[in-house]
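These protein sequence lines are chains A and B, in that order. In this text, residue positions in the first sequence follow my numbering: the first is 8, and each later residue adds one. In this text, residue positions in the second sequence follow my numbering: the first is 8, and each later residue adds one.
Treat the hints with care, since some could be wrong.
Treat identical chains as interchangeable: a pair holds within one or across any two.
[Unchecked claim] Below are the DSS-like pairs computed for lysine-lysine, each with C-alpha atoms no more than 30 Å apart in a straight line:
| hint | residue 1 | residue 2 |
| --- | --- | --- |
| 1 | K240 | K162 |
| 2 | K340 | K300 |
| 3 | K102 | K10 |
| 4 | K374 | K58 |
| 5 | K102 | K240 |
| 6 | K234 | K340 |
| 7 | K340 | K162 |
| 8 | K338 | K240 |
| 9 | K137 | K102 |
Since the hints were derived computationally from the structure, they do not count as laboratory data. Bear in mind that the values here come from a model prediction, so they are computed numbers and not experimental data.
Number of protein chains: 2
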Amino acid sequence: MDKPEILMSPGPTPVPPEVLLAQAQPLVYHRGPGYGALLREVTEGLQQIMKTSNDVLVFASSGTGGLESVVANLLSPSDRVVVPVAGYFGERFAKIAVAYGADVRTIDYAWGQAVRTDDVKAALDEAPAKAVFMQQSETSTGVIHDVEAVAAVVKEAGVLLAVDAVSSLGAVPYDGDGWGVDVTVGGSQKAFSATPGLAFVSVSPAAWEATKTATNPRFYFDWAAYKASYDLKNPENPFTPAISLMLGMRVALRRYLDEGVDNVLARHRILSAATKEGVRALGLDLFGEGREKAWAVTAVRAPEGIDGNELVAKVRADHSIILAPGQGPLKGKVFRIGHLGYYDRFDIIRCLAALELTLHSMGYPVKPGSGVAAAEQVFAARPAASADPTVR
Amino acid sequence: MDKPEILMSPGPTPVPPEVLLAQAQPLVYHRGPGYGALLREVTEGLQQIMKTSNDVLVFASSGTGGLESVVANLLSPSDRVVVPVAGYFGERFAKIAVAYGADVRTIDYAWGQAVRTDDVKAALDEAPAKAVFMQQSETSTGVIHDVEAVAAVVKEAGVLLAVDAVSSLGAVPYDGDGWGVDVTVGGSQKAFSATPGLAFVSVSPAAWEATKTATNPRFYFDWAAYKASYDLKNPENPFTPAISLMLGMRVALRRYLDEGVDNVLARHRILSAATKEGVRALGLDLFGEGREKAWAVTAVRAPEGIDGNELVAKVRADHSIILAPGQGPLKGKVFRIGHLGYYDRFDIIRCLAALELTLHSMGYPVKPGSGVAAAEQVFAARPAASADPTVR
């Protein structure tokens, strides 16, 4: 039977039919009241979820474009930046800064570790820095770094903090202004359950101030141009926007806010717990520090004698479910289950069942249904189903 | 009655329902055979329309991102580039090069003039240059520059030629390899009739060679990363692509190639002629050099005593038809009618009728139906309707 593959990777994530259908609407012309209202609604929705009153800019690009905009707008060549690297996306942020000639002071962790505040403080004490660039969710390991704690240290040093929250925003608690984050980068294709192609960047007054002296070249990602266009009577983008994706994003945000920020976060917390209990019940080990906070992605060690990449390939080939393999030093050793976005409890149960079947077929001893049973116990322990956000 | 506004601006252009509906399909995961086949089909379709066997790279960005990629990948700071400027988009290409610290030798024309080959030759003779950047269609004036003639001069000087063909590719004849163009930049939302958010860049072997020594910073728009990902067994993009827009683009290209390149070009030629005859019959003057070649956009002088911007605003307010106003020095003096993409003869007739009604309401003497009649005469002079590409 021909059914679409099921996304259980940490992005792109499944997209509700209402969002997909919104992308099939006739185009709204990108100059005028129609698009102005669309851009304003998307911007204000993002401010609400980022918990910020700072400007939020919308780019037609993937999340990486949003990260590059941070380097291009905040820095001049040879500016010193501190970049904790505890996985693939920490490496990426550092690489972008290197590409622009920054003096990049990485703090190197084994993949799977969480960023330690003391290390950031020590790196800032060594020499003056312009900014700290970090992830909230290090997608490659599933680890959630403690942005609040790092922000406190960074603010005390009078340095800018930019957070790559692409794979966490909307899935785990975030408080942009409360924590004092200067720049938050998000993307459409993660917890928001819209399709890929939009990046979002919030910019604090201190970050705006820094752009005035930053000499790195920029044009398509020039924040000031986006701000000037947004401030028109009918807000615009300086360059033709991805109108269809914006139409989808509006519906995705309405759904998100209708469900309610707290409910969405609770749903992610419960689905994450069920996934982790299910995996543990199969005798597998979770990977990475601070698992109880990893509501976006569950990283799992491949069992002895089974290659994680082969496991992921076989789950896809046999069951049309797309998990994510380990990257870099974790290749073959780890696999990842994404549960951020448009998921309910039965998506998790289906995924665990597929994992049981595949592990069994690869010769790993599995008691059929044991992972599913453990997940069900998490759900059964919840109060009345009517009050449980993991129930449709 | 609530009907969507009608796009007669030079982009975004109307999108066929089949393309819009393709954007509502479930996402194809961006790593694997499904997306690989999608990316390959889009790439090969673009090669066919650009008439090139060079690599074609696809970016999730608007056309301006594609232009910036040219500057970032080909140049080092203080490299000399020659940029003919005969309108808004010539200015833009020059501005991007300036933003990256290039030594930009503009050739300044009055808006509405066409680039002269002798001027390019003279600018190249003055001092060695790395590249020439030009438009094929200068969207702000409707003028089509003679890429073939300029290319001959540029090639003789042993210099790279990059062409911004965003608003012409697919609407006017183009022969990338035949003319010896090194880099062609296109966009999804013009003659292809897909929605905005994708940029396309072809790269010749000589351009690849230049990237090896070009030191401008680049990451999101780094051509080499896109090439490496495309060359995988299942072609990919290095960063999560705008999957929904790619699904739409595939359908748009299939429609384009089913209609046939020559038929599409003939359709644009005839619709352009009908538009121009209709406008002339209303006593209005066309704007810009080489009108018979301006198959993408018709620029019209606003008549004495009527402000072009007001005219455009009134056509939109009264008739929900979106024309484009004059930009820069042409503000208020010129208005523009886009006829590139998903248009047939009755789209032109409707637009001319709206123009007649609006001019009349603004006190300009109009003989009702005279513009429409002139357009009909162009269509009536065609051979059997069954062989006319402007008939559905």
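A quick look at each hint next to the structure:
no.	hint	verdict
1	K240 to K162	neither (35 Å within a copy, 47 Å between copies)
2	K340 to K300	within (22 Å within a copy, 61 Å between copies)
3	K102 to K10	neither (39 Å within a copy, 48 Å between copies)
4	K374 to K58	neither (45 Å within a copy, 59 Å between copies)
5	K102 to K240	between (38 Å within a copy, 26 Å between copies)
6	K234 to K340	between (44 Å within a copy, 28 Å between copies)
7	K340 to K162	neither (37 Å within a copy, 53 Å between copies)
8	K338 to K240	between (51 Å within a copy, 19 Å between copies)
9	K137 to K102	both (17 Å within a copy, 27 Å between copies)
In this structure, the hints that do not hold are numbers 1, 3, 4 and 7, in rising order.
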